[in-house]
Amino acid sequence: MSDTGINVLRIRLNDPPQLRDETTTPTVSRGESTQSPVREIALDTRGPHAFARVIDIDRLYEAVPGTSSQIVRALELLKQVSDFLVEAQKSDNAMDADRFVQRVQLALPRLFAYRSTGDGFGVIINSLHFAFSNLHGTPLTPDQLNVIWRVLRELRARPAMSLEQAIQRVEELEECGLEVDPPNIGDVLEGAESAQDE
Amino acid sequence: MSDAYVETTVLTDILLKPKTPKHDRAKAALARYENTLLPVYSIKEWKAGPLDYFAYLHDKLVVTHSLRDTFQALSALRRGSYRQSTAIEGLTAAATVSMRYGGLGETDAEQADSYRLALESLIIRSWRKRRKITTQVVDDLPCYSEVEPRVGKDGLLDLKPQLCERDQECCLGPRLKLEPRVLEALRNAIPENSSRKEDQKRRKALKRLIKHPKEIVNRDTCRDLGDAIFAFFCPRTAVVLTTNLRDHQPLANSIGKRAESP
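Quick note, the sequences are listed as chains A and B, same order.
So the number in our numbering is just where the residue sits in the first sequence, counting from 1, plus 225.
So the number in our numbering is just where the residue sits in the second sequence, counting from 1, plus 1269.
Same shape as in the complex, but just chain B (with noise of 0.2 Å):
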């Protein structure tokens, strides 16, 4: 049996979304693996995704006292980015579950503390049970630091930093340059047409890698790269264990690898 290179997903699934189905599939993948690896990588993209996603929220909560204003808030938020779909609609249910089966409290302002505390609770847990939830973490990171959220006085909390220091090469960058024939095999792998945003900027960061091996690599160019890290990185006897099949399979099949999901 192959080791488990653990993606992002799998690691959300498993701290951010306890009692779902998504976590115990999550669970009983890894325990399927003799060797579960979670890249650093892995970590810094939940923080900055994920877990940044739950510290709006707290925060929101923090700023409204009011449940409802905060998953309102949200839906205004998303409406302005995306089309009304039923996303939005999933979004609006959630509010009405957490307000049926809400925290404690009978009023509004009630129920938001207690979800602010829950929140405030969950982030905090789940980022010190990050490294404990594999058999190895790997691929340290030097360039980016690893630090526990935070809650100011002010209430906020402060999930700095989320990118790598910016007056340093990205540690990734010689080793991915050591290899511009797998960096064209991913570009390929993302279709050229694509309208997605992310698969626009992952083309673009691997095209400079691939023109201008001198150039030093940054973080912004490290952050696009995003999912072609997990297949670069992701050692031949592992597999890319992810619920993101649609993005993953593709780059890690183009340099025959393989990627699974939970």
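Extracted from the complex, chain A is given alone in its bound form (with noise of 0.2 Å):
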């Protein structure tokens, strides 16, 4: 998390001894839940909060077997695109590349039905839709490739980021030349002026 700007210090368990569940939910076995395969506890080194722990996003929304929660589902999508996108990376040749970034825009469809969680969340899922619709189809470069890996990573730890964060994640996507807008925006205001003109 240490690109997140967040100042934490991990301690990694390798074969961790039962962390005592401050969340309550049931343990359930790892190959149900969405965790990572690494378990840490991070804690807040700076800040109000410093040596509080940091609770791991899939500790905090562990995935009960047969339970539907919307965030849940949410984060399990997030982890495959994260996933593909990881494939995507470290891919030889562009057009393998460019077949797990296909299944990401796929799946952006599926994760805007989950902007319940936040506005900040649908805004990003938004704009990377409007960004893949403005390329049109032209392969993601390495960089534009990366940020958007590295702001899916960071939506997934924090599903419920505030529109401000969001913003400034867009504001990333732009930086690497992604067109974040809809197409046609500006002709909605060009309608709106030439009536005013009329």
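Treat the hints with care, since some could be wrong.
Here are some chain A residues pointing at chain B (derived, C-beta under 8 Å) [claimed, not checked]:
no., residue
1, Asp317
2, Phe325
3, Val348
4, Leu388
5, Val413
Cut-off 20 Å, straight-line C-alpha distance, at most; resulting in silico cross-link-like pairs (DMTMM-like, lysine to aspartate or glutamate) [as the list claims (entries may be wrong)]:
no., chain 1, residue 1, chain 2, residue 2
6, B, Lys1398, A, Glu404
7, B, Lys1422, A, Glu415
8, B, Lys1429, A, Glu389
9, B, Lys1398, A, Glu312
10, B, Lys1291, A, Glu389
11, B, Lys1296, A, Glu399
12, B, Lys1401, A, Asp281
13, B, Lys1296, A, Glu396
14, B, Lys1288, A, Glu400
15, B, Lys1398, A, Asp281
16, B, Lys1288, A, Glu399
17, B, Lys1296, A, Glu415
18, B, Lys1296, A, Glu389
19, B, Lys1401, A, Glu400
20, B, Lys1429, B, Asp1493
21, B, Lys1483, B, Asp1493
22, B, Lys1288, A, Asp412
23, B, Lys1401, A, Glu396
24, B, Lys1483, B, Glu1453
25, B, Lys1401, B, Glu1375
26, B, Lys1329, A, Asp412
27, B, Lys1398, A, Asp308
28, B, Lys1398, A, Asp323
29, B, Lys1483, B, Glu1461
30, B, Lys1288, A, Glu415
31, B, Lys1429, B, Asp1409
Source of the hints: derived by calculation from the structure; they are not laboratory data.
No experiment lies behind these values; they were computed from the predicted model shown.
Even for Gly, the Cβ is constructed at its ideal location relative to N, Cα and C.
Both chains come to you apart, so use the hints to assemble them.
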């Protein structure tokens, strides 16, 4: 999480004893949860919550078999798209990389269905949709791929991120050359202006 | 090469019309000048005009949850104020385009939400970019606070303040009143028989400044002066850069200045 601007100290637990479950959610097997393979305790080393334990997002929203929590499904889907992007980054040819990116693009409408998570979530998914639309199928550059991966990874860590935080991420998408606005949004204003000129 | 004194229409084209020829022209025009000057008056007009229009559109989407109803509402609003025209058809066409190339989701409600989020994002990002598009921001308005648009708890956008402080003389007032002959020339450049409301208001505001120099210039007069402010404050070494040459050219020329289109 160091790249998110939060200063955290992580303590790795290779073969961890059972952590006390402060979320009181039932324990489930690793295969059924959305958690990362490496368990660790993160301690915030700055601010009013310095050295308070940072609860990993997968632990906070552990998937309980049979449950259908929106946020858990959103996290699972974000994990999938994140994995696709990692695969795209690893690909040694552009066509293979683009195949993985196409899967990400196709997952966006499903992710958009979870926009009730918050406007921050909705703004990022929506911006990515328009970014892909405006590319008209042109494959992402490696830089764009990295930025999208980083933004989605952060969204997964903080699905309820604020609008303010989301706008900053969208600005990062813009900085790497992605056009994140609806292609026809200026036309709407044009229509209004010409009506006023009458 | 002279400097560019950037007027509201150019600011709008750059900030709110991404991926349009107007946006590209405005960007290219700015690159032609060594110094590009953005007066804060442009920011004020932009926030109270085009940005406010987008905020209205956003809020209508919040209330109706429908892209179709929102555009119909806009058309109805226009019909109330203006005669049915090709412009309205243009607006309706924009709505059709929006439906066809719109955002995420298949239903009207989903499309509306996608558009709402896009507007929310564009409004806030464009606000943050406003002071970065020119080489300098000039002619600060101490009586006007630049406050970032925010989304309220009800989901509606709050763009206040859009006007200057109420109980304070317009900071431009004393400078304007120092040059009555310039004000007179600007007034004479506006056709006396113009049927346009903005022309009538501008002439009236200029007349008031000329005839009553001791009177306090309030925020309404400042707003009504509109285009005349650009001609008046544009430095001699600069041109007023605007897409609205029809209004700015005569004003600038009347006092020996120039207006150019991007």
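Which earlier hints can't be squared with this structure?
1, 2, 7, 9, 10, 12, 15, 18, 25, 27, 28 and 29
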